[in-house]
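A.B. asks: What follows is each chain in one-letter form.
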Amino acid sequence: MAVSSENKNKMAFALMVGIIYILFGIIQMIVGLGLESGITDALLIPADIFGGCVLLVIGAIFLYGYKELKAGTNDGVAFIYFGILLSLVFVVIYLLIMGADALCTYGLGMEDLESWTPLDDVKPGLYLGILALMGFLAWKDKFTLRGVSKAGA
Amino acid sequence: MVLLPLTMMREGKEGRISHIKAGRGLTRRLIEMGFVEGALVRILRADFRGPVMVIINGSKYALGRGMAMKIMIDDC
Amino acid sequence: MKDNKITIALTGNPNVGKTTIFNAITGARQHVGNWPGVTVEKKVGTRKHKGMDLEIVDLPGTYSLTAYSIDEVIARDYIVEEKPDVVIHIVDATNLERNLYLTTQLMEHGARIVIALNMFDLSRDRGDQIDIDKLSNLLDIPIVPTVGSTGEGIEKLLDEAIEEVKKGPHHHHVVGYGKEVERYIGELATIIQKDERLSEKYPPRWMAIKLLENDEEVLKKVKGSKIESDIKDKLKTIDTDELEALMADKRYEAIGAILPQTCSTCVPKMSVSDMIDKVVTNKYLGIPIFLALMWGAFEITFTFATPFMEIIDMGIGWLAGAVSGMGSGWLPSLLGDGIIAGVGAVLIFLPNILILFWLISLLEDSGYLARAAFIMDKLMYNLGLHGKSFIPMLMGFGCNVPAIMATRSIEDRKDRMITILVNPFISCGARLPVYVLLAGAFFGRAAGSVIFSLYAFGILVAILSAMLFRKTLFKGKPSPFIMELPPYRLPTLKTSVIHMWERGQMYLKKAGTIILLGVVFIWLLASLPAGVEYGSEGSYAGVLGKVIAPIFAPLGFDWRIAVALIFGFVAKEIVIGGLGTLYGVGEDEGALSDTLADSESSGIYPANALGLMVFTLLYMPCIAAVGVIKKETGSWKWTLFALAYGTILAWVAAFIIYQVGSALGYGG
Chain A
0 MAVSSENKNK
10 MAFALMVGII
20 YILFGIIQMI
30 VGLGLESGIT
40 DALLIPADIF
50 GGCVLLVIGA
60 IFLYGYKELK
70 AGTNDGVAFI
80 YFGILLSLVF
90 VVIYLLIMGA
100 DALCTYGLGM
110 EDLESWTPLD
120 DVKPGLYLGI
130 LALMGFLAWK
140 DKFTLRGVSK
150 AGA
Chain B
0 MVLLPLTMMR
10 EGKEGRISHI
20 KAGRGLTRRL
30 IEMGFVEGAL
40 VRILRADFRG
50 PVMVIINGSK
60 YALGRGMAMK
70 IMIDDC
Chain C
0 MKDNKITIAL
10 TGNPNVGKTT
20 IFNAITGARQ
30 HVGNWPGVTV
40 EKKVGTRKHK
50 GMDLEIVDLP
60 GTYSLTAYSI
70 DEVIARDYIV
80 EEKPDVVIHI
90 VDATNLERNL
100 YLTTQLMEHG
110 ARIVIALNMF
120 DLSRDRGDQI
130 DIDKLSNLLD
140 IPIVPTVGST
150 GEGIEKLLDE
160 AIEEVKKGPH
170 HHHVVGYGKE
180 VERYIGELAT
190 IIQKDERLSE
200 KYPPRWMAIK
210 LLENDEEVLK
220 KVKGSKIESD
230 IKDKLKTIDT
240 DELEALMADK
250 RYEAIGAILP
260 QTCSTCVPKM
270 SVSDMIDKVV
280 TNKYLGIPIF
290 LALMWGAFEI
300 TFTFATPFME
310 IIDMGIGWLA
320 GAVSGMGSGW
330 LPSLLGDGII
340 AGVGAVLIFL
350 PNILILFWLI
360 SLLEDSGYLA
370 RAAFIMDKLM
380 YNLGLHGKSF
390 IPMLMGFGCN
400 VPAIMATRSI
410 EDRKDRMITI
420 LVNPFISCGA
430 RLPVYVLLAG
440 AFFGRAAGSV
450 IFSLYAFGIL
460 VAILSAMLFR
470 KTLFKGKPSP
480 FIMELPPYRL
490 PTLKTSVIHM
500 WERGQMYLKK
510 AGTIILLGVV
520 FIWLLASLPA
530 GVEYGSEGSY
540 AGVLGKVIAP
550 IFAPLGFDWR
560 IAVALIFGFV
570 AKEIVIGGLG
580 TLYGVGEDEG
590 ALSDTLADSE
600 SSGIYPANAL
610 GLMVFTLLYM
620 PCIAAVGVIK
630 KETGSWKWTL
640 FALAYGTILA
650 WVAAFIIYQV
660 GSALGYGG
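Protein chains in written order, with numbering that gives the first Met the number 0: chain A, 0 to 152; chain B, 0 to 75; chain C, 0 to 667.
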């Protein structure tokens, strides 16, 4: 089966984003195990094993989508869309956490967060979401929830 | 035409229900949910172990393996 | 119909939008979820329409009137016994065949019916063509297309319902079952007619059909009547096993004869739902995706709740300050030491619990939780449970009370009992502060890992207990698992918040009622006899502590810890408040932490502290949870069993930890 040019774009996107997420996921897990360095600090990678696992999962979904598309099954597209969705879900989660910390620091002046700055809550799960956002914007017409009604409908 | 339990069907295949080899309570339950003789079932998920997912009359169901074993399908 | 009052029952399959229609009619605020069987309690609303007073009763979703699960029994009993003036049968327009099966049974019972053809917009948008007038004529039932979410068709639906009541006698449009079965039905109906009491209450034809289907509930109704032996003799001559399937076939045949004449249904090839399912139930990725989402949910629950907890904490601190300004005496002491400290300790977890429940509601309303049950079924089956047991377990991390109530959707009694009995081992939000304080005081940098291990240990105990119960008390395999996977829906803020609130308010109610009583009782114990220092050795609490202290001595707990643990029966977080009182540092957790950490004077060493945390995790559930266990199991025997099992397990575990820990030099 010939791969359409649109699917070619998607494959390239999935391969690139998938590899980046997996790479950052692995690094974040290594940092979580206690191996820090100047580079990881510069990339704002926190010591967070579970957060690293999440990045791995997202990366794996993209790569699975790539694999399926390469094998010629159109199902692969579903994986790429879902990967984008899940990355954005985690962007929202990290933004909420940042908001809560900001509220604690500036609103309530909690002591243990005195030296907190928003940069403390910037992590790969957040800024890599920009890649997913690009994918979302590129194919956003495909995200119509045709056939998906609102709960309560 | 071969007669198979639902669990033996491959993912993505369709077949018609031939009969259900279960006790009355279970059979009744299945019938109420649309698993009647002759109904067309499509297998959406069937791993080597664990539950199977089927679509029948436009409704999706998760069936435990034990239950799916009891539903005999005409593989067509 | 009495005067101008009409009772209307709403019935229909699960997930057809019944609750939304109910809300559209009555304006009552309720939630719509995707978990089959959300509507467990009978909900009643009222509405005035065209000079009539309508009483609307929302029944649990059922697939048929042959009672199978608790929900279905409730629905059927209401229609059969209470005889509402008219039944509004809500039918999913996108899945007529299965939905009409229930219609045939309602017709058989002779109830007056109006059909609401719901989700009509979905069916229309995907190109279905339904000839409503023709379908209505063939069934001899008025049909009104509706869209629950926008309220379209609701007025007309009520018009038709009132019209239908005015029509008077029940209509007798029924399914024909073929010569042989019809002969049996006739013979049985003749016998039933001989008993006026029965035949007046239940339509004889309906009873005859149910008897042929071997319906146990209907057999019970015949029991003790004068025709019991006649019926039994008759049934003995009939092979009812054969008939049941035959009769169901005939019903579908009747539907099958009608449908092709009235509608052409176009089902899209691969819907968005199918695409999402491809991914989230993937063999390799399904479980990792699920775990990632769960981790995200807990991450939000614990971090996002912090500022709100802080605000509540400030409020409580302010109140306590105001009360202590009232001077000394019994009233400020009751308010400050008792009520504010006790109820405050519970209220502070409200943000945690509401956020976790809100996230669970979002997942549930979107349809994902049903998929999670599907993914987890394999694992749960090996543990002697099944997929449906998993959602109550998840909710247990918030609060065990709504979690135990959520087991209602599990049909099989054994499965349900096991799920209820092991649920308290899932570490609820109330136990976290105990861990945070003790782990922080005794394990320093390793505190996080200790807390995580406690959660994991709770899950492990739940799993092992489930396997044990399955092998001993509730022998047999988990009941066959079948669950409808509703299409994905976009959760709305409104419905998910309502849903959250329904569960969260159970927690608040508990704070307002049981815990309030409990803290007053404890305060009495700690302040009486008159004149003693609050919580001192001379108080009744101190005396009680001294009496039971020997039981706790092998665990390395002194009388103060014993008393605090008894206090914890009200709500486990009170263990902390109790310790604060008994060590004489009051509500200041920082001071309490420092006091306890000084092992020389407090008598608590790391081994005792770990034992205490594990004991708090496992020992008898709090009052509210015990109450709900009693309510849901309907048995004091099992409730006491849950109490005893947890407490003995806690004692043994703490004993081992303390003794081993001491032998290794971590004890006192």
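Just to be clear, a hint being listed does not mean it is correct.
Said to hold, decoys possible - Selected chain A positions facing chain C (in silico; Cβ < 8 Å):
#1 Val56
#2 Leu62
#3 Tyr63
#4 Asp74
#5 Ile92
#6 Leu95
#7 Tyr105
#8 Leu107
Unchecked claim - Taking lysine-lysine pairs in the DSS-like style, the calculated list, with each CA pair at most 25 Å apart, reads:
#9 B/Lys69 to C/Lys474
#10 A/Lys66 to C/Lys282
#11 C/Lys413 to B/Lys20
#12 B/Lys20 to C/Lys282
#13 C/Lys249 to B/Lys69
#14 C/Lys282 to B/Lys69
#15 B/Lys69 to C/Lys377
No wet-lab data here; the hints were simulated from the structure. Everything numeric in this text was worked out from a predicted model, so none of it was measured. For glycine and all other residues, C-beta sits at the position ideal for the given N, C-alpha and C.
A.B. asks: Do the alpha carbons of B/Lys69 and C/Lys474 lie within 25 Å of each other, as the hint requires?
C.D. replies: holds (21 Å)
A.B. asks: For the hint on A/Asp74, just tell me whether its beta-carbon gets within less than 8 Å of chain C.
C.D. replies: holds (5 Å)
A.B. asks: For the pair supplied as a hint, C/Lys249 and B/Lys69, confirm whether the alpha-carbon distance does not exceed 25 Å.
C.D. replies: holds (22 Å)
A.B. asks: Taking the least C-beta to C-beta distance, is A/Leu107 closer than 8 Å to chain C?
C.D. replies: For A/Leu107, the interface hint holds, since the closest Cβ of chain C sits about 5 Å away, which is under 8 Å.
A.B. asks: Does B/Lys20 sit within 25 Å of C/Lys413, going by the straight-line distance between their CA atoms?
C.D. replies: Cα-Cα ~23 Å, so holds.
A.B. asks: Let me know if the C-beta of A/Leu95 comes in closer than 8 Å to any C-beta of chain C, holds or violated.
C.D. replies: Holds - the Cβ of A/Leu95 comes within 8 Å of chain C, reaching about 5 Å at its closest.
A.B. asks: Between B/Lys20 and C/Lys282, does the CA-CA distance stay at or below 25 Å?
C.D. replies: Since the Cα atoms of B/Lys20 and C/Lys282 sit roughly 28 Å apart, the hinted pair is violated (cutoff 25 Å).
A.B. asks: For the pair supplied as a hint, A/Lys66 and C/Lys282, confirm whether the alpha-carbon distance does not exceed 25 Å.
C.D. replies: Cα-Cα ~15 Å, so holds.
A.B. asks: Using the nearest Cβ pair, does A/Leu62 come within less than 8 Å of chain C?
C.D. replies: violated (10 Å)
A.B. asks: B/Lys69 and C/Lys377 were given as a pair; does the straight-line alpha-carbon distance stay at or below 25 Å?
C.D. replies: holds (18 Å)
A.B. asks: At a threshold of 8 Å, is the proposed contact between A/Tyr63 and chain C supported by beta-carbon distances?
C.D. replies: holds (6 Å)
A.B. asks: When the nearest CB of chain C is found for A/Tyr105, is that gap smaller than 8 Å?
C.D. replies: Constraint on A/Tyr105 not satisfied, violated at 10 Å.
When each numbered hint is compared with the structure, violations occur for hints 2, 7, 12.
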